[in-house]
Structures are given as C-alpha cells and as structure tokens.
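A.B. asks: Listed here are the chains, written in short residue letters.
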Amino acid sequence: MSDSTPREGLDRRRFLQVLGVTGAGAAVVSGCSTQKVEKLIPYLVQSEDQVPGLSTWYASTCTECSAGCGLHVRTREGRAIKLEGNPEHPVNAGKLCAHGQSALQGLYNPDRLTGPKARQADGSFKDITWDDALALLVQKLQGAGGKLAVINGANRGTFSDLLAAWTAAQGGKVVAYQPFSAEPIRQASQQVFGLNEVPVFDFAKAKYIVSFGADFLDGAWVSPVEAQLGFAEAHGFRNGEMAKHVSFSPRMGLTGMNADEWLAPRPGSEAAIVLAMANVLLAERSGNPADANALRGALAAHTPEKAQEASGINAEVIKRVAREFASASPSLAVAGGIPAQHRGAAELCAAVHLLNYIAGNVGTTVRYGADQDAGGDGYAALLALVDGFGGGATSVAIVHEANPAYAMPKKADFAGKFAKVPFKVSTSLYLDETAALCDLLLPNLHALERWDDARSRKGVSNLLQPVMEPVFPGMATGDLLLKTAQKLGGPLAQFSAPSYEAHLKAQWLKAVGSEDAWRAALAKGGVYGEAPAAPVKLAAGAASAVAFSAPAFDGPEGEDAFWLMPSPSVLGDGRFANRPWMLELPDPVTRITWHAWVEIHPDTAKEMNVREGEILRLESPHGTIEAPAYVFPGIHPRVVSVPMGFGHTSYGRFATGSGVNVLDLVDGAAAGSFLPYFGTRVKVIKTMNWKKVAKTEGTTRQLGRGIVNWLTLDQAKRGLTPLEALAEEGHGEHEVNTEREVEAIKGFDEAQREKRKYGAYANENPMWGMVIDLGRCTGCSACVTACYAENNIPFVGESEVLRGREMSWMRIERYWEGGEEGEPLQARVLPMLCQHCDNAPCEPVCPVYAAYHTPDGLNGQVYNRCVGTRYCGNNCPYKVRYFNWLAYNQKAFPAPLNLQLNPDVTVRARGVMEKCTFCVQRIRGAQHQARLEDRKLRDGDVVTACAQACPSGAITFGDMTDPEAQVTKAGADSRGYHVLDLLNVRPAVTYLAKVVHRTEA
Amino acid sequence: MATTLDAHAAHGAHDPTVPTQTHHEVTRDVVNTLGTADKGYFLLLAGAVGLFLVGAFTFVMLLKDGLGLAGYTPPVFWSVYITTFVFWVGIGHAGTLISAILFLFRSPWRTAVYRATEAMTVFAVMTAGLFPIIHIGRQWFFYWLLPYPNQRWLWPNFKSPLVWDVFAISTYLTVSTTFLCVGLVPDIAAARDMVTGWRKKVYGFFSLGWKGTHHQWRHYSRAYLYLAALATPLVLSVHSVVSWDFAMSIIPGWHGTIFAPYFVAGAIYSGVGMVFTILIPLRKAFKLEHMITEYHFDNLAKLTLLTGCILFYAYGMEYFIGWYSNNTFEQAAFWNRLFGPMWWGGWTMVICNAFLSQLLWFRKIRTNLTALFVISIFINIGMWFERYVIINSLTSDFLPYAWSQMTPTWADWGILAGSFGWFSMWFLLFARTFPVVAIQEIKEQIPMPRLRKGGH
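Residue numbers (the working numbering), protein chains in the order written: chain L, 9 to 1009; chain B, 1404 to 1859.
No lab work stands behind these hints, which were simulated from the structure alone.
Check before you lean on any hint, since a few could be wrong.
Said to hold, decoys possible - The calculated lysine-lysine pairs, modelled on DSSO-like cross-linking and capped at a C-alpha distance of 27 Å, are: (1) Lys754/L to Lys1562/B; (2) Lys495/L to Lys134/L; (3) Lys763/L to Lys1767/B.
Start from the sequences and build out the full structure, keeping to the hints where you can.
C.D. replies: Below you can see the structure in the form of structure tokens.
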C-alpha cells in the first residue's frame, strides 16, 4: 500500500474504497450506484463480501476480444486487482492471455473519460452532466427521424440485441464490426457448406495441424486462448505422442514459430497448395466422403507441381505434407488469419474447408452448429454504412466500442465521411480517434463495472457483473439506451425495464428459468453447454471453390516492390495501445517494445544494404509511413511486415505518438465481405536516418550453449535425456565436468546438505519448485503480463528499454535455430525467471544479506535491506535480477492505475534489486489458509501467477519434497534439464526439453 | 667515493643516490616550495575544484533521481564507477610500495620521490573510498555495509567480497594516512622553523612538538619502521581483495584464480604511471630538478617495466587459460574482449599496458622525461581501460538473449571527472602546504659536510 496514497485529482470516495488501513477504518462501498458518497464511516456493519485484507472473487467475462473467456476477478477492499481465468469455463479453462490480463489497465486507464462531454461551438469539449447529456441525445434522436446509424463493436449478447432492437424501433441501422472478425472463414463456410457461421476448431483432438496463414497463436484469430490451449494439448509431448504442425505463411509469426516445419509460400498462393493437398488426398486415400469424390475431376488439375509453380514450395514437400496429413486422423487444417487476409482469403478458406471435409475433419476437429462469435457483420457492411453517411441520409451516428477512425485504412476516409453526419455520439471510455470526431461523448462503464453478458457461441453464454464501484462516475450504455427509450416513448416504450440490470436479468430468467438458476449462473459466470452439431454437407457452390487464381495486389510492381503484410502484434487491432503493459510487452516474435518496425529478410537487407534501425520509408499508392528496420529471418524475402496497432493520433498518453499505423498504406476497399489487410505492395526506400530499435533481446543464437534443448520425437519416445540426445546428434561430447570435478561437486553437495541440518533449515520444510514444459510453451507471453499484474511491476518506457532496464521478472527468451545455408529456420522459446537456485550465486555476494535463502527453498530478496550494490545482479548467471534505476514505481502508476496495485506485494522503491519471488505472497497466503483450516498444504494450493495464466498449461508449480505432487512427477520426466546445469547452482526450475518432429529432407 | 662528489664537480661517475646539495640547501629548496603560490597554481587549483564541483553536482543528481542517470545497461550492473574505483585504489599502491616496501629494502633512490607518492596514495584512496558510496543504489544506507552494533543483530555478510572490500579500503586509508603523517613530522618541524605567520601555527600543530632530540629520533625511526612493516602487506592484500570483488564471482572473464597477483601488478603499474604524471611537472614547477633526477625516473621506469612485464604475462595467461579451459563461456568472454563489440577497449588495454611498457627496456626512453610523461599518460588510460574492459565482461556472460552493450552517459563522465578533480584538489593543496620531498631522509643521505672537498 505504500504507493497508493491519494493523488490529486482522485476523488476521496475512490480512495476510501482502497482504504484498508490496519483494520482501523474502511470505507463503505455503497452497492454499485453512481451517486456520490461523501461520508467516512467505519464498517459498523461489515459488508458481507468485504473483509479487509482478504480477497473477494467475482465471476465475470473477458470482453477484450470476441472469444468470451470466463474470468475470476480478484478484488481487494473494493477494487479489482487481478484477472484470472475461470477454470470451469469451456473456452479458456482457467487460462487467460496477455490481452485479457491487461483489461485492468483499461479499467484503471489514466486517460479514461471522467464523464459526459459535449462539443462546443469552438470545437472543444466541455464537461456536462448526465442529465444534460441525455436530454441532448434525446433531442437529437427525436430530430433524426430514423436517420440513425450505429456502429457496434460489442460482442453478441443481450446488449447487442437491445441495441439492435432499440435502433430498429427508431428505424435506424446497426452494423456490428470488429476488425479481426474471421470474415473470410464465415464467407467460405457459406460457399462450401451453406452455413453462415464460423466453426469451432478443436485443436486438442488433432494429430496433424496445417495452418495456411492462420495466426491462431498470435492472439488475433477466432478464439485465441481456446486455440492455444488445444494446440498445446495436441502438440505437447505426452505418452510418446504429439501432433505435428506445419505452417504455410510468408511470415513466421508466433504460429510459425511453433510449427515443426515453417514454409514461406509466395503471398496469395496458399490456396494452390491446399488444393494440391486435397488432390493428393482424394487421389491416394480411400474412405473419402462420397460427395467429395465428385470433386476429384475438378481437383485433378491442381497438381503439386502447379502449386509449386504458384507458391515456390517444392512439390515433393507438398506431397509429403499431404500424405502425412492424410495418414493422421483426425487432422486439422486452418486458414483465415490476418497473414493470409489478401483478396483471395475467402477462396483460401473455402479450399481449406474442402480439405478438412475430404480428410474427414468436419464434425471432429471442425465443428459447425455452435456459431462461434468472431465479432461482427464484416468490413463490407461497415463500409457500406459509412459510405451512406453523406447527403442527409444519416442524422445521428452512434459508435459503440469501436474505433473505425483508427481501424479503417485512411484510404477509406472514415473521418471525411463521418464528418457529414450532423450529430455523432461515442460511448467510448477513452478519447480515441473516433470519439475525437464526435459531438457527444457518453462514456460507457468498463466491463468490470457493469452488468452485461456475452455469448462465446451457442451454448456458452457468459455473464458480466460489476465487481467494484466505477472508477469514474459513469452510466452503462445499456442504461443509457433504456433511459432514452423511456424519454422518447413511442415504439421505444417497449423497453420499459427500470435498469439495464433488470433488463438483463429478465432476459436471462427467460433462458434459465428460475431465480436460483440465475444466481447459480451468476456465481459460475454463465451457462455452459454444448450446442448440437449441425449436419454438414457440401453445398452446391462447393465445386466453385476448386479454383485457384492468384489474388490481385495493388501497388507498385517490379524489382523494388514488396508485399506489405500488416501483422497482428501485441497491440491487436490497436485497442490495447494505451496500456503500458502491452506496449512494454516485447512482441513475441521480434522482441520489440513501444514502437512499430519494418521486418525485412536478411538477404533482402543485405542486398539493399539495410541494417537494423535504419528508418525505411514504405510507399504505397495509398500512403507513406516510416519505421525502423528489423532484420528478421522469418519472412519471405519479398515481403515486408509492419505490426498493427501503433500510430494512434488520439487515444491516450501512452498510445499517442508511439509508432506508425500500417493501415495508412492499405487500400480501403473491401474484398468480398472483408478488408484485405494483406493486399498491397509497397516500395521500400532507404532514408539513411536511424532509430535504435527498442528490443529486449541481445543475441538471437544460442551459440551452442544448450539453453533451450530439444529432442526429436523418436528420441523423446526412447526416453533420452537432452544430454544423451545431444551426444547422439554428435554435438560434441558435451562433457562439461571431468570425473574429478563431478566428485568435487558431490562433496560440495553433501556439505550443502549438511548445512540444512541447522537452525530454521532443520525443520521439515517444503521445497518450492517449478517445471516448465517447453514442448507446450508457445512464447505467447501471457505469463509475463500476469506477472506484471500480480507483482506490481512498473513499466519503464521506451528510453529505458533501450538501456535494457525493463523490469519483467519473467521474460521469454527467443532463439533462432538454422535459417542459414538452406537449413530450415526454427524458433526456440524459453520463459526465464528466477531459478531459485539452491546454491545461488547471488546470495553469498550480497554484503547486507538482502539476498538470502529461505528454509523452504526460496531465493528471498529483502527489499528493505537492499542497499543496491547490484553484485547479485552481476553474479546471476540467468540475469533475472532487475534493478530499479530511476524510481520507476513513481512514474508507472499514474492515478488511477495505482488502484490496481496488489496490496500483498511491496511496491519496490528505487535503488533496490528485485526479482521473481515464486509469488511468495501466494505461498504464504495458502499456508495461512491451511493453518486456519488446521490442515496441511495440499498440492495445487499454491499456483503462481504465471502458472495460473499460462494458456498452454506449460507451467507446474509445487512442493518438490512431496513425491505425489504434480511438480515432482513432471520434473521426473526424462526430458527434464536445468539451464546452465554445469554451473552447479542447483536451480529449482526444471525445463522439459521441447520435442520436434524431424523433417527428413 | 664521497669525496668525488660536489654539486659543481660533474666529472667522473658519481653515485646518483647521493644528493648534490648541502643540508641547508635541501631544507631551503623544499621549504621554498611552500611559499606563496603563483597564478598558475591557482588556475590549476581552480580547475581541480571546478572538476570536483562537476562531480559533486553529478552526485547530487544521482541522489535525487537515481543511478539510472548513468549508462548502466543490464546485464552491465557495474560500470564506470567501479572501474574508476579500482583505478584509484590501484593508483595508491605504487605510493605504498615506494614508501614502505622500498624503505624496508633500503633502496636509497626512493627518498627523493616517496613523499609525493605517499601523498598520492592517501588522496587516491580517499578518492576511491567515495565510490562504494556513490555507486550503490541507496547511498544513504551505505553504513549498512559496516559491522556496527545494532539492536536487531544485523551484521554484514562476511562472505561477501564487498564487505572485505570495505575493510580493505578503510584499513588502507587509516594506515597510509598515519604513515604519511608520521613521516611528515620532522619535515614539518623543519619547515616550522623557517616560516612565519599562520603557517608556523599549522606546522607547529602538525609537528607534534618535534624538537629533533635524540630521544625523539629514536622513537620516530622505530615508529616509522614499524608503520612501514604494517603498510607493506597492504600493498599486496588491498588490491587482492579488490580483485576478489570480481574473482569470487562466477562471471566468465572475472572468475580467475590469477586475479590477485594480476591486479596487484596492475595496481603498481598504474600507480607508477601516475607518479610519472605527477612528478614530472611537479619537479619542474617546484624547481626540484637537482633533487628528483633522471636517476630516480630511471629506477621508477624499471619498476614500471617489471610490473608491465608481469601484466603482459597475466594478460597472456588470461587468454591462455580462457582457451585452455575448454569452457565455452570463458572462451567466448576472451574472444569478445579482443574481437567483440568492445574490441577497441580490449586493444587499448593490451597496447597501452603490455606493449607500450616494453619501450622501457631502452635506457634512452627511461631517462627521457618527455617520453616518460607521454607513456605515463597512456599507462593511465590503459589501466583505466583494463578495469573497464574486465568489468565489461558482464556484457556477454551466460545467456546470449540477455547480452547488451553499454554506453556511458554524462553522469558517468561527471563522476569520473569529479574524482580527478577531488584527487587533484587535495594533491595541489598538499603540495603547497607540506614538503613534497622528504627533507630529513635526503639529508640522511648527504655525506657529512666535513667529508666534502673544498668546503666552506
């Protein structure tokens, strides 16, 4: 609590919520009304669910993307401090990605609008009261006479239904729009199967996965956590088995990094490969669905050789992949991500649907009937709506949870068309680009502050409930709709619910039946069921899917033209750009923070004499941007890639001015129902200007140091250890210690054990340890953000990242393997955190005992005792100690971000060394709880924040002295090894070597 | 032999260890250096104080904003400050070697130079002693490194080399200061007898009532011998301890058993370098050419050559062990030192220290003061870089992902400049206030007047 003293500008009531001063007094949190409470009274009658010092958990739902993951929100003294996955939820099974974790920084964002605002004659915004704002809105709606247009970015659910009905009752039109909406998949489903829906992909069951530009691990594809969880299940090594993953994409994203084989086809040519594979499957495999056999003739023309011609991928490789794909059942082919969202994306998805159908995957790994929410009506619908703004056709426009002014390419000229609407309303919580164009700002309440629901898909309906008082007094847009309806009357009188909460409950009561069921759903987080599978047959149009023509790319052609791939980065479609956790989270692929970059292949860079950091100007017919070069081996030599989500002109202090918006280069016209993000070619021009790239990686190669070890599937099956595998591969003897040294180490070991017989160490203590399965870890970095959230880690900003001073207690190390001399490029990732060495090098060198060993095997760090000699940091071979150089704690939590701070964890001052504690606050919390319940600690009582979040389930934590503990069993795996084992520091973190399918060339 | 000597009789080979002046001339010449200073002196002093103020300002900023003002780039958690710390500790060692060890070995050539070098030692250690405070994250808690009794029974960690360091430096400062002060007593008394005004009072105080009685001389020479014996092991131990700040770690490039002798040799080498840098201009400014002669410099240069050769060997051995260890990390560390991103630093160190010192095999160079002065500047630079380069082993240790290079900032240079200012300020003040040449020891070496030919 040391840093959460009240700041100016923070009103007292909110501070009171946080007040839990030694139990002497605390604030009354009066339900969830928006009335001002100005009284300070102690808990005379303690609220039922508030115990100062103890956490209260609420079930809710994540609304950061359309997947709808279940949440457990941890609150303390009336404020949300941590988001965790809801273990019962069928989508995320207790896991949560980095975006979901960062919702708290949306809630406590210092740039949130504090109340309604109206535009003045001089163009500036003025604060107004909610009453005035409502009156103004009602007046304008009355005058609109049905000329109402609504852009809705919210997920499917009661609110969206209400908004649609409310708009329809006035004669207006709603378009639901989210930029990453998997529209090509939906369009292809319609074409191939006659089903207008996005299917549910079950990665977990698949034994062979082929992805065609589907960035299902990059956090922007359909249902990211579910996909990752399933992928880890399938692709993780267990019982001698694991799926193989082959990725065809011009850029190696996180998905390609987790492929056993990554192949870079010519952009736009993926469909040719898919059809060739389908051809091979149909020709060589029996037992294909009967209606598919009818396609044999049409497919026969699509030979692997032809595909080679189109894509540049060797025909033999295509045949091999096709045969492997055919022999594994069930398998899964996926497409429909941003990296393949060119003008042929729908054709590609259609071809993939066919391939899955032929392979018999539809119904097993590809399930129809549930209608996965992928967010919206598509780009074409939005474009049509926006194009219709002019000429008095629209009098009032309302934008809800969408930011088209940023998310639509500049070429589409949203701002210009939007300006033609006489009265524009935004319900955004932030002054984003769209809100900045509006006339009336009616900020919604944050998802953690309001009643709402969201449908992940049929059968999975999720509830949201307010977990705390609103940070800023606001009005939920649902309530706003009802209030305006009551004032407008007429056809709107049907919306008579006294509040949105009542409306929501009424809707749910219809579905669940009883008050008890409603309460149960609320406690659980929603209603989870399985929608019946829809029967799937090839539609009449399926045959038309058997066609490949190279999609068109606009922009320059010729020698100096490059395909431009906008790639989804940590910032997603830009909505996460004002959250310091997201800006400082290194991009999982390039490890760059805080600014945009241009990825360019090393060969191309050499040809053009470009080095990392040289600012490149990209010119397309639609615009120009400049960003520093990042030389990246995982990209097609003729493709350049720029991350999306940067370059905001209005959003908040962190987002505005960082990087450039790649969409400025992209054509704004729709292709089919979607926006072809990857549809433009650009000229790349050297500027001879430089900008140091703020990346967190030092050297990209392991230099033979055996940090991230891996085994081939065969070796893993035979139970080889990583050292044995290395020896088998002939990578030297790898004998690091001579016999004499081994003896010495043994003797040392015994001496260490001897010391365990004294003082506090003599008691029976647990021995905390962790096992990280590199076979499952994808490098998604959810653990990193979870660690920031749990442990009050300050962000440091771009200039400090440039000095390598980021404080991420947990980091993902990414190394490249191969990629030279014709060897395939492969990525290796490893989460690196304090290894809590038993024989820790940091401990003896500390002159003041700030670094010391606890009896339960933790490598403790006493912040109060640390004087900051930093010797421990030098002597740590894992470089996991982080020093607070410049009072980052004072800058990183501008009010109200400080309300997110975890009261169980010290906010470290400057001049002090800090590091991973194995979430010691959780260990002690669980121990206290066990003591209160008069029992021993059980396995699973303590879950660290990183292990809790990990959407791959790669991290196991527990007491290694307990032979029955999961961590002990997992650590006994033959794949287990310690990083830098030769140093004999006896780390408590065991890594399980990655297992790869070896591709015989 | 003595009969051949005369200040004006330069014929034939004379014993260079024997001064050419009379007792009176010695006192006069030395006390003359204490007279009213000229403009040049004040300019120098102003420069030194100015630099010191730059350092003081930087330190205030560090206190205010944090160590992040300096160029630290993890994994480089130590950098210019520790480099400069080791540099100054090293400088000190030549002084003690010359004043204490050579005294015990009865090397007559030390007499003319030892006072200045001993003063240099004290001020260098005073400078170095500031760094353990400057470089820590919470400077206001520096005293937690000291074993002071406290209610909570918290003691420093005696396993930590940094604690050894605190002891080594504080011991060194105490002993060398005492040694300097005691050695000064007869000289100050001599000066006391020749001056008037406030100086007389000051000298009167510092001469501790020295009358030059037989009794006093007896105690004095015993005490001096005893202190010399006490200071002698410190020459070896202090820098050994400092070297263990590095050698006790596990960082490749730091973790070497050779470090203690290697650092001691380096310390003496750098110290003698600094002696040249100080004495050559000082001798000229104070017109002491006839007291501090080529002969002295020749001997100092031989000492430099000796330690330079030890360094050369140590460098070679470091690289050899790095290669011979067959340890990836060691090999990479030493490869990086010469061919990595910091190659220029590595080569600066090797050329300035190992190669340049080999020039001193030539007597012509050893006796050419201009050449020596130039070489000494390179020695200072080279030895600073040696420590900088060694500390920069941190840039690339075990995990390649964590590697990073660092670039110093104004805050690094500010403290470095400040340390030179602080050192120079004290030295300049000392040089004008106290005899920089040991009057009494020189006199001891002058033959009795009655032996002189053609006396008065």
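A.B. asks: Next, verify each hint and record whether it holds.
C.D. replies: Cross-check of the supplied hints:
no. : hint                  : result
1   : Lys754/L to Lys1562/B : holds (22 Å)
2   : Lys495/L to Lys134/L  : holds (24 Å)
3   : Lys763/L to Lys1767/B : violated (62 Å)
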